[in-house]
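Q: Residues per chain are reported as follows:
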Amino acid sequence: MTLARLGSFHQSRLSFLRSLLRRAARENWTYERRLWQVDDKGEGVAVYRVGTAKRAYSLVCFPHDLPPEKRSDRVIADEWDATFVLYDGDIDAGGIDAGEIDAGEIARLQANAPGQEAGRYGPRDLVLSRANRSVRLFDYAVTCLATGKQPEAAQLAEIGYLMRTTAVYGNGKFGLADRCSIADRPELAGPFQAEMLTVWLIRWFTIDIVEHMARQRAPETAVPLAADLRRVLGVGNATGLGMAPFLVLHSALIDRWIDARETALARIRSLPAARDDTRDCFLDHLGRAQKFAADWRVEDKVQQERILGLREDLRDLRETVADFDWNQPAPWDRLIRWSEAHLRLEAQEMLVTLVLEPHGELIDDLTEQMGVDETAEFKLDGTMPMAGLRHLIETHYSFALGEDYRAAASQARFWYVSAEKLEPRLGERFEEAGGELEQPLGIARDVKALYDLAATVPADQSLAAFLRDQPELRHIARRVQITARHPYAEIRGNLLAADMRPIDLLRCKLAFFGATRFDPKSDRWLRITLFQHAPFPEEIDMASADNWAPPPVEVRPGEKR
Amino acid sequence: MKPSLNEIQVECKKASRGAGLSWGLAEEVGQAMARLAGQGVDALPVLLDYLEALPDRDMSGDPIRAGTWIADQANLLAEGESLSFAEIRQPMLVLPFVAMAAQSIGRPIIVTHRDGAWTVPSAGMPAQDLSGIEILQGVTCTAAAAKVDIASPVSMPRLDIDDLIWQRLKDLAQRTYVPATEQSRLLGAGAGSIDND
Chain R
1 MTLARLGSFH QSRLSFLRSL LRRAARENWT YERRLWQVDD KGEGVAVYRV GTAKRAYSLV
61 CFPHDLPPEK RSDRVIADEW DATFVLYDGD IDAGGIDAGE IDAGEIARLQ ANAPGQEAGR
121 YGPRDLVLSR ANRSVRLFDY AVTCLATGKQ PEAAQLAEIG YLMRTTAVYG NGKFGLADRC
181 SIADRPELAG PFQAEMLTVW LIRWFTIDIV EHMARQRAPE TAVPLAADLR RVLGVGNATG
241 LGMAPFLVLH SALIDRWIDA RETALARIRS LPAARDDTRD CFLDHLGRAQ KFAADWRVED
301 KVQQERILGL REDLRDLRET VADFDWNQPA PWDRLIRWSE AHLRLEAQEM LVTLVLEPHG
361 ELIDDLTEQM GVDETAEFKL DGTMPMAGLR HLIETHYSFA LGEDYRAAAS QARFWYVSAE
421 KLEPRLGERF EEAGGELEQP LGIARDVKAL YDLAATVPAD QSLAAFLRDQ PELRHIARRV
481 QITARHPYAE IRGNLLAADM RPIDLLRCKL AFFGATRFDP KSDRWLRITL FQHAPFPEEI
541 DMASADNWAP PPVEVRPGEK R
Chain E
562 MKPSLNEIQV ECKKASRGAG LSWGLAEEVG QAMARLAGQG VDALPVLLDY LEALPDRDMS
622 GDPIRAGTWI ADQANLLAEG ESLSFAEIRQ PMLVLPFVAM AAQSIGRPII VTHRDGAWTV
682 PSAGMPAQDL SGIEILQGVT CTAAAAKVDI ASPVSMPRLD IDDLIWQRLK DLAQRTYVPA
742 TEQSRLLGAG AGSIDND
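Residue numbers (our numbering), protein chains in the order written: chain R, 1 to 561; chain E, 562 to 758.
Hints were generated in silico from the structure; no laboratory data involved. What you are looking at is a predicted structure, and each value in this text was computed from that prediction instead of being measured. Keep in mind that a hint or two might mislead.
Pairs of lysine-lysine residues, derived as DSBU-like cross-links and limited to a Cα-Cα distance of at most 30 Å, are as follows [unchecked claim]: (1) Lys301/R - Lys291/R; (2) Lys563/E - Lys149/R; (3) Lys563/E - Lys421/R; (4) Lys421/R - Lys173/R; (5) Lys149/R - Lys41/R; (6) Lys731/E - Lys563/E; (7) Lys54/R - Lys731/E; (8) Lys149/R - Lys54/R; (9) Lys173/R - Lys70/R; (10) Lys173/R - Lys149/R; (11) Lys54/R - Lys563/E; (12) Lys291/R - Lys149/R; (13) Lys379/R - Lys173/R; (14) Lys731/E - Lys379/R; (15) Lys421/R - Lys731/E; (16) Lys70/R - Lys379/R; (17) Lys379/R - Lys563/E.
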């Protein structure tokens, strides 16, 4: 649970968008574009409907004609190329118009969604999102399609998406439905399933809008995008610091995610033998991973260096498995052990993904256990004696106790919320104002403070009595108790340190979402791709639902892998 | 204004912090207010009165201190002990903490005071409206002997919060934000390279 390890995670079959697609295929969800009223400038409204086992959901889309100078991925933007709301159920009128789309509800959303955070939403609005075009690829694709040509696959693959979302909001924000009001539905019970469904449907919309614009430009010659080329396109996403505090503040939830991963790995490592079909699937996916790593290029120097290392390590892995004795006891365990001694973190984590891949029947059930009732976890046991609390800290926070937090480098940063956009930010404590307003994310430092002060009171004093006098340590005392119950709840690092890289936090969460092609743009924001190569709603089935991350490698005659 | 439970929780947390409570207490106040709101109880005006008076008040009879004292020691109540207070002001604010304690031990908690008694069930909230009560004196909490089964609460429609109350909470929450500067706009979110391609 170090930041370096978390910052090396890759998507796996436990990732949230993978479990969404498996459920969609298994339950034979239905899909329909119910409304497309978009004009020649690309402005209007569209509605996509998905029917799940028991319910319907509607993605309401508002494409806009955005002047180029207004286009920004930053949270300070106030206009976007398209805005979206995932609506609970069919957006249908009642009474004599039953079965027709409810114009009043569309008008309500149209008055709010384009303003995003400035709008208000209600209990039937589940998710709010917006996206900007990748201008280069979008215009290129429109130009090609308008003239009756297909765009080059390599050009599409290089960027990987026509539009990228810059925020996907859920759980009650701006009046949206509370998560607790929908969490008992099987299709939304897992983490971020409503958000993932939204992005999957947005991907469908991005194809429709690019084809629409091509038709508007040249109705006589325009052609639709070829099916195999569509698969190359996912949805991009630009993510910044807003996501980082989530991982820290929802420690019991993160524990469930990591626990699922570790449990999956433990089940596989304890297998006495490897079946031929799982071994072949693993080898196939190793080839796919090598292709993926070969295609993964970024401008960020640190990450590009790591990608080069990953390519090299995957070659090593390939050579090792070529000579590997698959008949030895617990071969998967042996392979993991070997990787820990020979591979860098990027490749160690890629191996975890690869080892999980062929074992769906053994581990996919774990995705049902990746949620938690955080309210119940919130309860503090004040009857614990202080000696017991100190013991918990010694057991679970040894990483925090050795550091001197008076040293400038140990608390160089502070996390705060900006008055301008109400978004989390990272400040330099000794260079910027506002340090006294820091958010409670200095976990390691605060645990040390709790530990030191706890030593000054009687060992049998109760925590409740201690906190009555020291209420400023209450958040951290509660956290220590949560960590003691949840072994993977805590990130073992100092989030205030001068050399801390926030994108490591972001990558961990994004990998659990199922993101690929991490592309850091600084140490605090990055671009990623979601659903690249995944099946589209109209084509998903049991065979395609899980066979795309990464996609099969086409070996052309005479070409060596 | 019909906020979601999440908005109530977050805004009350920030307002509590902005008014001067510790982060740990502020988090619990946020949860407590959302818990009440989920039962259809609007305690926000009482909370606001409490928070706005916070800088000037002494801690005797403090309902948040009393509430966390009870919730933290629910195990003692389960073992048959009682927790007593000379007085509790704005007792409405104690209610969600007592409810949390009742839920965690799976038994109702009986709150007796000089003028009467009420029972906080282990699921849901007591029917009493305490919003008009300024102070309770001679308060003692004990766990009821047996589990009382109470139907789990139905989901309530959203509360309609008075716009002025909500704005005053936001004003308190505002105190937790750091004003933007040119430097922080540039560095704080780490933009810098062009994000429009």
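Q: Failing hints, ascending?
A: 2, 7, 8, 10 and 16
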